[in-house]
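K.L.:
In the order they appear, the protein sequences are chains A and B. Heads up, the first sequence is in the working numbering, so the first residue is 4 and it goes up one at a time. Heads up, the second sequence is in the working numbering, so the first residue is 187 and it goes up one at a time.
Certain hints may be false.
[Said to hold, decoys possible] Label-pair distances were calculated between CB atoms; the ranges are:
(1) K35/A x R208/B: 30 to 40 Å
(2) Q209/B x S31/A: 21 to 31 Å
(3) Q64/A x V259/B: 36 to 46 Å
(4) S89/A x L285/B: 55 to 65 Å
[Claimed, not checked] In silico negatives: residues of chain A with every beta carbon more than 12 Å from chain B:
(5) E24
(6) R43
(7) A51
(8) P77
(9) R94
(10) E121
[What the hints assert, rightly or not] Covered stretches of chain A (in silico footprint by chain B; criterion: 3 or more residues with CB under 8 Å from a CB of chain B, positions within the stretch not fixed):
(11) 56-67
(12) 80-93
(13) 171-179
Hints were generated in silico from the structure; no laboratory data involved. All residues carry an ideal CB built from backbone N, CA and C; glycine is no exception.
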Amino acid sequence: MIFRAVEDADLIRKARLGDVEAYNLLISRWEKRVYNYLLRIVRNREEALDLSQDVFLKAYQNLRKLEDPARFAPWLYRIAHNEAFSAFRKRRPEGDVLASEPAVEQIPVGGTGAFPIELSIAVTTALGRLTDDQREVVVLKIYQGFKFEEMAEILSCPVSTVKSRLYTALDVLKTQLAPVKSRGVT
Amino acid sequence: MSCSPFDLRDYFFGELAETERRQMDLHLRNCSGCHEDLDRLRITHSTMLALRDEEVPQRIGFVSDKVFEPSPVRRWWLSFWGSSGRLGFASAAMLSVALAGFTFYRPAGAAPPIAAAQVDTARIEAQVAERVGAAVEKAVADSESRQARKTAEMVAATERRFQEQRKADMDSVADELTYLKKQHGVMVLATNEYGGGR
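So here's chain A without its partners, still in its complex pose:
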């Protein structure tokens, strides 16, 4: 458990009163998570960074609408979700599904450090084979650690839909990643 001398709720209260430094501190706590969430959804670093900035700007502008500061995380990710799917719609006009493909980076995100690059490439490729909705629930659950209830709040859909998307995606990922694991790349 991480002890924080100043809770997010305190920073939110100060930011609501116009304390920009308090909000910058709040950003520093959340920017990495939000950026990686967006990066795994839009699969483009530059776009993920732009969207992250937009997310935090919109969050600042709408901070007074946040009823319960304890629910800041789902609320922030709800904004991020809307920004990401808004970007999808701009990138991919209706009836033009393939238009998004050139904008997607096929290089693996992350992957350095203790894990072999080959495994990162395999995971990135497997994630790329999921639909946008499936990929998002995988990111929210496996990488961001949200509960089903919170995911339903972020995505504005029932918990049953969240579970259905996630478990379908897991079946796909299991199939995709099985050969990699069987080759012993761990």
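Given chain A's structure and the hints, the job is docking chain B onto it.
P.N.:
Same frame as chain A, but now just chain B:
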């Protein structure tokens, strides 16, 4: 995943209630098939975690702009009204100060007003006493005049009744006298007639 009492994936992701989780623990000790499914889930999950978070290429931050910032007074005011606890405490403190001031505070400059108040009070009391005395005198006079009038009326009535009674008595005596005179006349007449016949 067919024979487990609950969804093995819910169990893996920690989404089951405590009692359900315990049941799954017991089931997994005795079911090798579900145990293998759970291991496959773990492997997939750990493989997914090979993809690590990246650092943000450029820090996100906002610059404080004095033009758009609320003034310190406004910030304090918003903060004050934004905290119900602080507002309640301030109200209680103001009430306490007012009570204490009312109870203990006696300003030196307040003496003349108090003396003036005392003078005014004496004057008012004198006026009130005067008015009360006048009212009492008037009430007594009224009462006395009413009493005298009633007494006079009673005396007059008694006199009238006495006169009426006297007149009635006189009439009665007169009638009796007339009757007696007639009786006497009859007797005289009878006597004369009896004496003259002998």
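K.L.:
The structure should be examined with respect to each hint, and the outcome stated for every one.
P.N.:
Going through the hints against the structure:
1. With their beta carbons about 36 Å apart, K35/A and R208/B fall inside the hinted range of 30 to 40 Å.
2. For the hinted restraint 21 to 31 Å between Q209/B and S31/A, the CB-CB distance of approximately 43 Å leaves it violated.
3. Restraint check, Q64/A to V259/B: a C-beta distance of roughly 23 Å breaks the suggested window 36 to 46 Å.
4. Between S89/A and L285/B, the C-beta spacing of about 59 Å keeps the proposed range 55 to 65 Å intact.
5. The non-interface label for E24/A is inconsistent with chain B: the shortest C-beta to C-beta separation is roughly 7 Å, within 12 Å.
6. Not every C-beta of chain B lies more than 12 Å from that of R43/A, the closest at about 8 Å, which undercuts listing it as non-interface.
7. With a cut of 12 Å on Cβ distances, A51/A falls inside the contact zone with chain B, its closest approach being about 9 Å.
8. The claim that P77/A is not at the interface with chain B holds, since no C-beta of that chain comes within 12 Å of its own (minimum 16 Å).
9. With a least beta-carbon separation of about 20 Å from chain B, R94/A lies farther than 12 Å from that chain, consistent with its non-interface assignment.
10. Against the 12 Å criterion, E121/A falls within the reach of chain B, whose nearest CB is about 9 Å from its own CB.
11. Only residues whose beta carbon comes within less than 8 Å of a beta carbon in chain B count, and the region 56-67 of chain A has 4; three or more means the coverage holds.
12. As drawn, the region 80-93 of chain A meets chain B at 0 residues by the rule of a beta-carbon pair under 8 Å; below three, the given contact is violated.
13. Residues of the region 171-179 of chain A with a Cβ under 8 Å from some Cβ of chain B number 3, which satisfies the need for three, so the listed coverage holds.
When each numbered hint is compared with the structure, violations occur for hints 2, 3, 5, 6, 7, 10 and 12.
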